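Take the given structure of chain A and dock chain B to it, following the hints.
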Amino acid sequence: MSVAAATLRAGLGGVNVGTLTQVGYLARRSITRTVRQPILIIPSLVFPLFLLAVNSSGLEAATLLPGFPTDSYLTFALGLTFMQGALFATMGAGQSIAGDIQHGFFNRLQLTPLRGPALIAGQLAGVTLQGLIQGVAYLIIALAFGAHLEAGPAGVPVLFALSALVGVAFGSLGLAIGLRTGNGEAVQGVFPLMFVLLFLSSGALPRDLIENDWFQFVATINPVSYLIEGFRSLFVTGWDGEALALAFGVALGVLAFGMWAATAALRGRMERT
Amino acid sequence: MRDDNGIEVEGLVREFKKGPRAVDGIDLVVAPGEIYGFLGPNGAGKSTTVHMLTTLLPPTEGTARVAGHDIVREGPAVRDAIGVALQEAALDQYLTAREHMRLQAGMHGIPKAEGLRRGDELIARVGLGDAADRKVGGYSGGMRRRLDLALALVHSPRILFLDEPTTGLDVQSRTALWDEVARLANDEGVTVFLTTQYLEEADSLADRVGIIDTGKIVAEGTPDSLKAEIGRPTVEAAPLEEGDMERMGAVLRRFGSPQRAERNHLAVRLDEGSAELADVVRALDADGISVQDLEIHAPTLDDVFLVKTGRRLEGAEKEAEEVEGETGELEAVPA
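Chains as they are written, first to last, in this note's numbering: chain A, 1 to 273; chain B, 274 to 608.
Only chain A is shown next, with the shape it has when bound in the complex:
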């Protein structure tokens, strides 16, 4: 062994790499990948905005319903737009880890002193960035087209915090699915199911204005409704403590479940001794 190599080995004796250090390196990779794949961000920007444009022009008449909380359907529908962006994050995180498994990069990481929590946290860094980019874009475009942020400038950081939290929460679900299946197509297959949750929520109408009993019941037990209502409250109501608490609470609940599922899936996936 060369002197340089021997010196390096001596310096590495008893390697105990900190989890935070590993999170830093993996997060940097995740963010670099996100930035270098604009094609992944474009659909998650364009599709929700397209649906926002269609809904706000086609359903504007809904604002005439007695009890509708605002006279701008564009402002009302923005909650749904932010939620859709989070669902794209689910797919992005899941496909990213599934690709790593399929192409062997996961094995490369397993052969280092990789810590499981570092992998999960690092992978979610790119999703967080994606969520923030989406949030900024949705807000700027919506305000430019006449939407109103009732909470004012102070609501912007809260909006982005909720957007990032929901993105990470659903990203962790995607990560769990990707780790469990190791297959990008399987992750894509879950995407339509997520959209069912989206459409069976209060995304299109306030829950108290949904006349169909079963739909109202499903929307009430659907946690996605509370996330949408949290976003919406900042645009329509201003500062609604209950709606925000429910939204952050549900997001944290989804995050806790997603992290548990991702950790369990990672444990099953990492067969290393």
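These aren't lab readings, by the way, just hints derived from the structure by calculation. Predicted model, so just to flag it, every value in this text is computed and none were measured. Heads up, a few of these hints could be off.
[Unchecked claim] Computed beta-carbon distance windows for the label pairs:
id, chain 1, residue 1, chain 2, residue 2, range
1, A, T21, B, F289, 34 to 44 Å
2, A, G116, B, E473, 33 to 43 Å
3, B, K291, A, P192, 24 to 34 Å
4, B, F289, A, F68, 57 to 67 Å
5, A, Q37, B, G292, 56 to 66 Å
6, A, F257, B, E473, 47 to 57 Å
7, A, F50, B, E473, 56 to 66 Å
8, A, P157, B, K385, 39 to 49 Å
9, B, G583, A, Q102, 53 to 63 Å
10, A, W214, B, K385, 52 to 62 Å
11, A, G116, B, F289, 22 to 32 Å
12, A, D208, B, G411, 50 to 60 Å
13, A, P192, B, G292, 40 to 50 Å
14, A, Q102, B, R536, 50 to 60 Å
By construction, the Cβ of each residue, glycine as well, lies at the ideal position given by its N, Cα and C atoms.
Here is chain B on its own, set in the frame of chain A:
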């Protein structure tokens, strides 16, 4: 076993659900600083063995110690001592070579400045200096393999596992990689465990070769000693007229023992060595048998594989058309 750079394997088995034993009780010893070639066809169990020895896959039975550490009970210590380049160069196409190095060094806990220096040194050593800041997505297969090797070396491992490192590479890239592997073993004392399905690779690079087939090691030794076991050369011939196959077989059997041969060919291992070739030609001529093709083969590792398994290593999926009966008779299979 001492806390050294060797590998010791005893009765290693790996079974998969609903499948046969991918690895079926192998024993082997690799000495420190040795290049060990693990030769076998696709599906023989080479990669499964590497996955077990590198701690990625727990064995079903048996034990193994790598660098003095048990692969089941001391996984982290094993991983710290080894560098691994698996069958497919596992790279992130959106990262550059330098970014890969930074990530790999960081994950191994190498301080940032040292990691950067070590990364640049390895990138230059594998000849990727000019491409260090290009995204890997644009690399050729040879460049990917070289980067994969460099990444495996970033933490200065004592033992290097290379799973079919040159599969799919052009001759130039293959030779460059062989040179680097030989240099690592000779100059830095790194032990190398190399799987391959290329005879030439095992022959020219490995100090010792283990031949694996259907999960079992069927032969082991230096390339020269394995070929010496087979010993004498083989003469293989084809008659111009298909109807002369039987008469040609009778003539050839006078000079040696029948061997498997290519389609429409007959082969014998010459009892008296290559000096008999002229006599073979004269005998065929004397019997009035016109010859379409006649070749003499020095023993190769493929011959070793053939003798041990009854099949050829390269193109083994194309069954040999000429089969040898248990009685040693030459049996011609129609084309």
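Status of each hint after checking the structure:
With their beta carbons about 36 Å apart, A:T21 and B:F289 fall inside the hinted range of 34 to 44 Å. Checking the proposed 33 to 43 Å range against A:G116 and B:E473 shows it holds: the Cβ atoms sit about 42 Å from each other. A hinted range of 24 to 34 Å holds for the C-beta pair B:K291 and A:P192, which are about 31 Å apart. In this structure the hint that B:F289 and A:F68 lie 57 to 67 Å apart at CB holds, the actual value being about 60 Å.
Taking the beta carbon of each, A:Q37 and B:G292 are about 37 Å apart, not inside 56 to 66 Å as hinted. A:F257 and B:E473 have their C-beta atoms about 55 Å apart, which keeps the hinted 47 to 57 Å range intact. Under the hint 56 to 66 Å, the C-beta atoms of A:F50 and B:E473, about 58 Å apart, fit the expected range. With their beta carbons about 32 Å apart, A:P157 and B:K385 fall outside the hinted range of 39 to 49 Å.
A hinted range of 53 to 63 Å for the beta carbons of B:G583 and A:Q102 is inconsistent with their spacing of about 36 Å. Checking the proposed 52 to 62 Å range against A:W214 and B:K385 shows it holds: the Cβ atoms sit about 59 Å from each other. At roughly 24 Å, the beta carbons of A:G116 and B:F289 sit within the given window of 22 to 32 Å. Under the hint 50 to 60 Å, the C-beta atoms of A:D208 and B:G411, about 56 Å apart, fit the expected range.
Separated by about 34 Å at the C-beta atoms, A:P192 and B:G292 break the suggested range of 40 to 50 Å. Taken as a hint, the range 50 to 60 Å is violated for the pair A:Q102 and B:R536, whose Cβ atoms sit roughly 39 Å apart.
In terms of the numbered hints stated before, the structure departs from hints 5, 8, 9, 13, 14, listed from lowest to highest.
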